[in-house]
Structures are given as C-alpha cells and as structure tokens.
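Undergrad: Whole structure, please, built from the sequences with the hints as guidance.
Chains as they are written, first to last, in our numbering: chain A, 952 to 1297; chain B, 952 to 1297; chain C, 952 to 1297; chain D, 952 to 1297.
Hints were generated in silico from the structure; no laboratory data involved.
Mixed in with the good hints, there may be bad ones.
Copies of one chain are not kept apart here, so a pair can be met inside one copy or by any two copies together.
As the list claims (entries may be wrong) - Below, computed lysine-lysine pairings styled on DSS-like, alpha-carbon distance capped at 27 Å: (1) K1083 with K1024; (2) K1287 with K1255; (3) K1255 with K1083; (4) K1229 with K1290; (5) K1083 with K1069; (6) K1083 with K1166; (7) K1024 with K1166.
If you're wondering where the values come from, they're calculated on a predicted model, not measured in any experiment.
There are 4 protein chains.
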Amino acid sequence: MNVIDLRSDTVTKPTASMRAAIAACEVGDDVIDVDPTCDRLERRTAELLGKEAAIFMPSGTMTNQVAVRIHCKPGDEFICEAGCHIYNYEQGAFAQLSGVVARTVEGPAGVLSASQLKGLIRPFNDHLVRTKLVCLENTHNRGAGKVQPYDHVEEICTWAHESGLRTHLDGARLFNAVAATGISAEQWSRHFDTVSVCFSKGLGAPVGSALAGPKEMIQEARRHRKLFGGGMRQCGIIAAGALYALEHHRARLVEDHANAQLLAEAIRQTEGISLSPKDVDTNIIIFAVEPALGSSAQFAAELKQQGVLSLPISGTQVRLVTHLDVTEALCRQAAKIIKQVAGELA
Amino acid sequence: MNVIDLRSDTVTKPTASMRAAIAACEVGDDVIDVDPTCDRLERRTAELLGKEAAIFMPSGTMTNQVAVRIHCKPGDEFICEAGCHIYNYEQGAFAQLSGVVARTVEGPAGVLSASQLKGLIRPFNDHLVRTKLVCLENTHNRGAGKVQPYDHVEEICTWAHESGLRTHLDGARLFNAVAATGISAEQWSRHFDTVSVCFSKGLGAPVGSALAGPKEMIQEARRHRKLFGGGMRQCGIIAAGALYALEHHRARLVEDHANAQLLAEAIRQTEGISLSPKDVDTNIIIFAVEPALGSSAQFAAELKQQGVLSLPISGTQVRLVTHLDVTEALCRQAAKIIKQVAGELA
Amino acid sequence: MNVIDLRSDTVTKPTASMRAAIAACEVGDDVIDVDPTCDRLERRTAELLGKEAAIFMPSGTMTNQVAVRIHCKPGDEFICEAGCHIYNYEQGAFAQLSGVVARTVEGPAGVLSASQLKGLIRPFNDHLVRTKLVCLENTHNRGAGKVQPYDHVEEICTWAHESGLRTHLDGARLFNAVAATGISAEQWSRHFDTVSVCFSKGLGAPVGSALAGPKEMIQEARRHRKLFGGGMRQCGIIAAGALYALEHHRARLVEDHANAQLLAEAIRQTEGISLSPKDVDTNIIIFAVEPALGSSAQFAAELKQQGVLSLPISGTQVRLVTHLDVTEALCRQAAKIIKQVAGELA
Amino acid sequence: MNVIDLRSDTVTKPTASMRAAIAACEVGDDVIDVDPTCDRLERRTAELLGKEAAIFMPSGTMTNQVAVRIHCKPGDEFICEAGCHIYNYEQGAFAQLSGVVARTVEGPAGVLSASQLKGLIRPFNDHLVRTKLVCLENTHNRGAGKVQPYDHVEEICTWAHESGLRTHLDGARLFNAVAATGISAEQWSRHFDTVSVCFSKGLGAPVGSALAGPKEMIQEARRHRKLFGGGMRQCGIIAAGALYALEHHRARLVEDHANAQLLAEAIRQTEGISLSPKDVDTNIIIFAVEPALGSSAQFAAELKQQGVLSLPISGTQVRLVTHLDVTEALCRQAAKIIKQVAGELA
Ligand SMILES: [Ca+2]
Ligand SMILES: [Ca+2]
Ligand SMILES: [Ca+2]
Ligand SMILES: [Ca+2]
Ligand SMILES: [Ca+2]
Ligand SMILES: [Ca+2]
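TA: What follows is the structure, given as structure tokens:
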C-alpha cells in the first residue's frame, strides 16, 4: 500500500537533485573558521530576509530559543499568542534554560491584534518581570497554517518598537506566508529584529533552520548556539540541502496550498468532521471529529489503515499537512479516504 | 495631619504587646540547630493548617517560590489564574530561578473553575513541558480580596489530585478567607499539598511567612530556603512577632472586613468611581476612576493631599486595604475624603 | 551543667540592651517604601565601609549570592579560593540560581596570591566562559579565621581592576580582620566593588547581613533581593539588633581573639591534637585529631559530654569559635576540658 | 602552496566514499518517528560501546552536557580534571543551562588518581551541593591526547560506583585510546554509566556525536536533546557519514598516532621548542615555545607562512593534531618546516 504521509511537512525527504548537491558540496570546519557552503546559505538567507546576517542551526527550536536568549535576560518576559510553537512545543526552553517568562494572549486561529497587547508592558518595579519582546508566528502552526494579517503584524511591531520592545518572528513557515500572499519575505521580516526560518519543513531539506537579524545579534547568537551544542563542523553537508531547498522549492509551495484546499473542500463536504479553524490559508488543515465518530486518535487510526497518516493534536482534532512529497493525485486519494472513513465511522 | 495608610495591610506595625513578646522571646541558632520560638511558630502554624510540618521564611515570595520548587523541576509547568501573585508579583522567580513554566488561565476576579482546567494537562511528549502543579490564591489579591468559592477549590483540587497533579495554596491572606466564611484554615488547607500563609499582612506581624505541608516536603523546603538565603540565625526575634500575631490577631480580621464594607459603600454612592470588581469579600477594595476624573495616579495623589494613602494598581484602578492600624473611625474619615476628592475632580 | 557553645559565633544571642533597642525601634514597610531603622543601618554600614550605599538582607548567603549576580551573568565565571564560603557553603547558588561558573584556586589557609591568578582570565571565545569577578574572603572561615595579608588583597584587586574584572569581598567576619590588624573596614573595602558583612556572627545580632557598594549596584541588588524572597516588611525589628551590634560590639572583638589564643595555646600544649592550620589570627581555631584518639566526631562527642560544644568539619578536624557569649573564664574552662578529653582518649 | 592543516582532527573532510554513502542513505523523520540510518548508527555505536542504547546529536558539547543533565539536577556537583573539555570548553553549560557545579581536581597531563578523589564526596547538609558524578576524558585533549591509565579508570570508577556516584566518559577521542592500547571500546566503557564519542574528529565524519548508556538514560537524553534544539529531522544525511566513519576509519587511527610520533620526534630534536607534556600517546602534540623564539602566536604565524596550520592554546603553547587528511609525507614535511621555523626564530 502506498502510504500518504500527511502528518507534517517535516517528513519531506531530499530529492535526487538535492542529494547530488549534498554529495558535491564544498565543506570546511565551521566551528574553527567557516564552512563555505554553510556560509553561502547564511548569506543567501540573510539576503532573502533583508537582514545583515544569518546563522544556521540544527533545528527551529534552537533558532527560536537562541532568539529569545538574545532579546531577554533571566527575569525578562516575552509576549506571545497562547497557541504558538515557542510557548507550547519547545519544552519551555525559554524558562528552563534561559529563565525567561512567557506572557500568553489568546488570538483566534493564532492571530493577535495590537489592541490586545497595548497595556501589557509592565512598569519598572522590583515585583515585576521586565517586558522585552513580542514573538509572532507566521504562518501559525496551531492556527492551521494561518497567515497573520499583514496590517496586524505591522501595527503590533510598530507599537512594540515604539514601546522599546524587541520583536522576533518564528517564521518556520514564513515562505508559506509569502507564497500565500505574494508579500515578500523581506517585507514580512522588515518588522522584526530577528526572524527564524526552517528548511526542513515545506522547503524539503533534511535538517536545519536559520536565524537572521542585525550582525551584532547574530554574532551573539553564535555564542548561544555553541552553548546549546549547535556548533557543527563540516555542516555544509546539511547546509547544501537547505540551500538547494531555498533556491528550488520556494516557488512550488503554492502547489501544497492548492492541495490543502482539495482536502479542506472534502472535509467541508463530509458529515461528522469539520474544519477547525474554518480557514485553510496555506498547507495545514485541522479538522474536528464529532464525538459520534469517536476520538481523533480513532479517526487517525482508521485513516492509517487506509494508508493515510495524520496527526491527532487534541482529543478531537486531527492535523493534515501537504508538502513536497504528496502530489495532487495523492491528495485527491487522501480526500477520498477521509470521506470514506468518516462515512464508515458515522 | 493624621495619615490614613490604606496602601496595603503589610504596612501594619507591631503593637506594644507584640513588641513585648518580641523583646522577651527565647532564641537559638535556627541554622545550626533550632530556634525555640521559631519552632513554636512552625508547630502552631502546622497545627492550624492541619499539616504535619511548617517552615518559617522571611517573605511570602520565598514560601511561594520554594513551594513551586518542591513540586516542579526545570521543564515542569504549573497552572494558575492569570492575575495571581505567584505569576505576576514575584519577578518570575519560578522561571528565573527554577526553570519552571506558568500556564495562566483567566478567571473573573481571580476565581477559577474546574471546567477551565480539565483538558490542560499536557500529554507526555518531548516537545512539551510536564504539567505538575495547580496554584490557587485565596483570598485573591488582584481580585480585590476575593474569596475562592469553597466548592470550586474542592472540585479543582480533587480533579488535580486524581490527575496526578500537586496543589499549592498561596494563602497569604488565608485567614481573611477564614474570617469571611467561617470555614476553618484546616478545612481550606485540606485540599492542598502545601499552603503558604503570611504573618506580616492582616495579622500585623513585622516580617515573615510560613509554608506548611507533609514533613518530607517541608524538609526539602528547608534545603531550598537555605539556597535562597532565607536561613536566619536567632529568627525567634521575628518569629515571636508572627506567633503573637497568629494567636491574637486572627479573630479581629472581621473588623477589617466590616471597615472595607464602609469604604465600598461610599464608593458605590460616589459618581465617577466604581468598584472593580464589584464584590468586596474581605479587606481589599479596588475601584476604577472614570477618565473624566483623571488617572488613578492623579486620584491617589489627591487622596494623599487629604491624608489618605492608596495604591494605583493600573492606569485606571486604585486599591485600598483595611487593616489592624486603621480603625472604623479612620475608615469613615477616609470614605468621606474619597467622596470629596471624587467630587472635586468631577 | 553550664554549656560552653564554641560551635560558631553565629550562636550569639541578643543582649538585654540589644533587646531593648529592638523593642523600641521605629519601623516602616521596607518593601513599599522604607523602614527607618533599616535605613539607618544601611547608611551606617555604607559609611563604615566607605561605600555609597548598602542593603540589608536576611543572610550572608543572600548578600554574597546577590553580589555574584550583580557582577556576573549566566555563562560568566568568578575566581575564588577553593575553600571559600561562596563556593563551598552556599549550596552552589551561583550555578544553581545564576548560571555562573566558579574557578577555584587553592591557597594555604585560604590565602591567595596575585601570582596565582594572573593568567587565569579567559580570552574571548565562544568555547569559553567569560571571567568577570574575583571573590576574596576575609577573614577566611575555613582557613581558621585567617586574615588575608593586606598587600595580597591590594595586589590581587589592583590586578583585577586593571584587567577589567570586578571584585567582591565576603566580609562576613571583616570586623574581625579590622580588630586583628587595626586596618579600618573602609581601608579593606576600598579594594572591592562590593563588600558583604554579617551582623549575626561576632557582632552578636540575631539575624542579618548587608551588601555595600556603589549606589547603582545596590539598587540592582534590591531587585535581586526581592527575587530571592529577601524583601522584608517592618525589618527594623531585626535591623535594630544589627545596628546595635554594629555600634556596640565591634570594639570588643579583640576579646574574642584573645580568648581564641587561650584555646590555641592549650591545643599546642596537648598531645594528640594540633592546630590545623597552625596560625590563629582571630576567633576561629581548627585542630586536627590524631587517629589514635579517634575521629573528630568522637572527639566532639566527648567534649559535648563535658559541656563544650564544637564543630567537626572533616573526618579529622574540629572547629572552635570564640564569641560574645563565651567569657575568658569559660574559654579557660573549655581549654582545660579539651586537654582532659585528649588525655582520656589517648 | 599545499596547506597542511594540523589545527585539529575536526577539520577532516568527508572522503569520496563517505559522500557516496551520504548521498545514497535512507532517511526518515527522526523527530516524528525514526530515521533508519540514524537508527543504525545508534545501534552500532551502542554495540561497540557495550551499552543498551545510544543517541545521535549534532555535537560533542551536546552529548556531554546532556549527560551531565541526566546525572545531575540543579544543586548537584560533578568532579572532573581541571583541564578537561566539559569544564573548560563548553561555555560552562553545566552551570549556565543546568545549574550544576563543577569540582575540579588537577592531574598531570589530565590524569587523575583515585586517591585524589576519595574524600571529596560532600556529606548531606543544606549548606552543600550533592556530589553526584565523576567525569573523565579519554584521551585527554588538553593533556596532549593522553590515554588515561586503564587501572586509574578502573579504580576511580569502582570507587565512584561503590560510593553511589555516577560516571561519565567524555570519549570524544575514545577510539584513539582504543587504537593506542588495544583495549576495546567496550572494555573502556564498561566502567561508565554513559559514554560520549565524536564522529567528526579522528574518524573523519562531517558532523556529530553520540551518547551511549542504559536504555532509560538514553530515553531521558532524547528529551534533553529536544530541549537543547538537537532534534533533527532527516538526520540520516549526517548519520550516514558518521556510520561510514565508524566502520571504515577506526582501524586507521594508528597511522595518525605514528604520524604524531614523527612530529614529536622532530620537536624533541629542535632547540627552543619542547613537548609539553612530554608524552605523545595518540594524535595530539603540544609543544612549548621558549620566550627567546617569541610567543606561541608568533610561532604559529610563521608556520602558517610556510603552509602549516597549528593552534596556539596558551601564550607559550602550540597544538598540532594529526588526522585522516594529513598523510605521513605531509607530516614529514610539517616536521621539517617546524624545525626550520624554530631555527629562523632562534
Ligand atoms: Ca524534511
Ligand atoms: Ca511562563
Ligand atoms: Ca506588617
Ligand atoms: Ca547571632
Ligand atoms: Ca563551577
Ligand atoms: Ca570532520
């Protein structure tokens, strides 16, 4: 049986051309001086994001948490949406490793408005943490790949900077937001001091993430990367995959978005399951399973029986993610299987 | 001018009898072995709270944060109400010193319901922190001295324990809840693994707080207290004041509550200011100042001109706290001044 | 039986006059604004140490660890003598709470020389911590109350400052060094950015320590004190004892030193036990028990039988400390008992 | 000019065959479930080290610091040699990220003896950290690739385990110790609870390290790896290089050792420079430059002019490391250049 893996866009495997690029790449010792392929990746990433510099790391968790560490000292606080990745899915590293507190604000489908944040900055007072940073996530994973409205981003970040706060964008799927809106990565990034992007998600690279920002902050990030154990020697081997992904797989993200619409449409048409949130902006679909059909885990188990891998993300919700390794045809087949499973469980 | 200090119940000063008790107390080296007065205070506190043991510390911040540390390791999470003291007014020590993450839930006037918490326990998963603890605050400072409804406390703690979580009560003003409800301290405490109480607030002692709980946890607390620098030598000197307060000033807290009603009533009758929250359960009154009358800071400044000290706690809110050192007569006078100031500013 | 407690100078109890001063002291809420007695203590301490400001805390562990925190960020390093209090007897708070690394250097009886330190400053490099601080201890507890030679202190601190390092003096027993040398507290303190002193040791106060330094650093210390739970309300109650101790018990420390010589002389004359280290500079005596006489714990147990309390500090070493509550007569008696016990155990 | 890079064995670049293995490797999402190549590498590593399980990470800093974290909680202490990598070259992560204290003991060329450690375990006491772990490094980088004497390792680890301590081996260059002694990796590892090995040093892989130990500890390590940001998706791409290195480049380490002897012999014969330490056990040579010839930095600069890259590791010491990418012929050439430079500078 042909397995259709829709659990995450992280499951993408390197293509033959990407493997060729990896096999042929030039390398150096990036801890002792520099790996030339990694250096090219960092420069190219910085350029695309309109930043002075960028630094490559083994994961998005590391780029995000190093960013928090650049902006916040122990006893500082960052503001973020309550469902965001940095707060929820990185094992509380901000507190655990860096002594930083999160201030969470709930936004519909992960979308925050400036009006929710104004008033949250704490006065200087020995009882209180110091508010230092606003983190946004675009697209928002838990919000089903929701694109942050551009004007919200602009208003939030303008307010933040005027108020003396720093801003960080968790742009693990920023290129999906670019593909969905036509707003360039540089334009999105303009509003943030630092931006992290992932190469191993929709772009299809095997491993890696980058953090971009002003030269000085990236220099500081290098120190924190070392501390976290993210200094890698001949890292060109993986940077080559990331560079290939960056150059060849950005444009095609629109295909993943179109395929996500196929799945969303099928779910809309099916009794017993419903999109939650309703909108599918990019490549992530989350749907709720009505109790009558059983739990999300049961639904996912049935799908697996039929060759479709999905991810239950709460007792009632299932996530699907389209990506490089699932074609339109496979998505149509998955859509059919979803309808069929819902029918059987009803 | 006779200053009426309603900023906090922490401003209470030791009475003549309390000073006499302090001057006469027996002492010992509590770090090297034991201070007998401190030991008596600890035993008496444990008894009142129905716990095996208690430990004296210099502040409520220390008892609360040591409690978090007993229950949570780095990478663990506690659930609390979004306006509570532990999350907001202890400089994020849980994260800063202990690597622990806070999960905040908003409750009206600081009151949480079990239904809000069910479903928040995170599954075991390397992406996620481990949910370990629920913290409640009773009475709730930011909720204007709100008494947690007893059945809420019972339901939340029962669910927590059934779910394998620990529970901690920030009972800085627990004796106010006792005075307001007639439910004993022991009865309230029954639902919690650990309970902290403050002696320097409504009870009127100069300094100190205690943490009560099972013997083993309190033994562990001793170690954390040393770490935080809370080991004190002849601490009987302050424990004597706390012990005096505990024995002589619990019953009279009802007077503070009656005085708070006087103030509340005056505010209800006054245009331009309004109780926020509406209920005054114990000794704390929070009122909102309408924009037409200026900011809360301006209102407080006017009150100060007339000899009434208050605490602006947000741009629009002012807090008043009744206590041992303000008699009914002074509260009546303060009520009159508040009305008068509101009238002048209108 | 009259117990002679030589375990530590921390066991000193408040005198009648000190108790009177405590009972009569003026107080205020030191967290909300200021406690006038605490304020007087802080000003007087700053004056004696020749510093701009000082801050009162519940323990020497807190003043020392707050000092480390003022000078060092996570990933910074301080240099100290391997047997010092900050490294050994404060539960590693520098690492545990502040993420700071200790670089230990062994000095005879706790005395360091500048030549040992030169060359230890780490170059800037992402592999390495940043060397930021030198901590000295004077007198040195584990070095048997050893007074640091003044020229060593001067040379070390001059080198440190010229090298861009900060310096902190753990002066828990600084006034013993003053009494022993005639060099003023101000003169000793001149070489250090921050100085901590204890009131509850030889000075005989029930509780407390102060940290002195430049105004800005002490302002920062206030924030860290709050974080550690060291903010105390009407702390005048204990500050009064400390202030009394500071004014009335400094001059008499020479008596403790004379009494220590009595004990030292007795030990020198006794077979089977010997001073270790040889010199007794101030009020601390450490002696080694020869294996033939049993362990240090056994020796201490025998002494206790005869009414003399001592502290075994290693398998073979026993510590004695003279102080305010043991008169010359009692020390002579203790000396006799020590000789006698050694004789019996031989 | 043909550059001979002797700065470190980390500079090794993947060979053509290794690149082919990388390009052809099977991959999977190692965060979501498992990467099959990484899984093979982990099993093979565990097997070679005689452990139940192993886990792959991006760096030796991460494997070492995760090991510290498995064995020690905040407020715990590990004992190590004063010049070791974990204490000196990992930015104090043990303190900075994990709140752990290091107790350093100096050993000649990094070699510790059990007699130095016995007596260092701290008693249970609230003043003290808890001694939990002994870390050894074999071969010892700063000791010039010194092989720890097997009987020392055995005696230290036996004592540690009998005393309730855990043991960790920083085996970044363990396979060099194996090649030098004929004692198997399994035999060395038997004495340690956990062992880390590096693939990117003498073995010649581009990136990566593994931590091996009991199944349960490695499961826990997985959680800490995620926290540090070391979870990598299709990590087979780099694991393939590590696996190739492990299978094909262990046996040839003896060649590096022979080449190191060539260099050592040249240094012995040369005036003005001398081996420091004297012994060259494996592939690392450290030599001291006499002041008459200038600083180590000047010596290294001259070598660089002649095409030999070396690493000044202190004001007077230069390090050379032989490895996969420098043949015997190149080492002979380097030896000649070293003699020549010493002659010119004399
Ligand atoms: Ca991928
Ligand atoms: Ca938090
Ligand atoms: Ca009070
Ligand atoms: Ca005392
Ligand atoms: Ca250390
Ligand atoms: Ca390599």
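Undergrad: Tell me, which hint numbers fail for this structure?
TA: Of the numbered hints given earlier, the structure breaks just one, which is hint 3.
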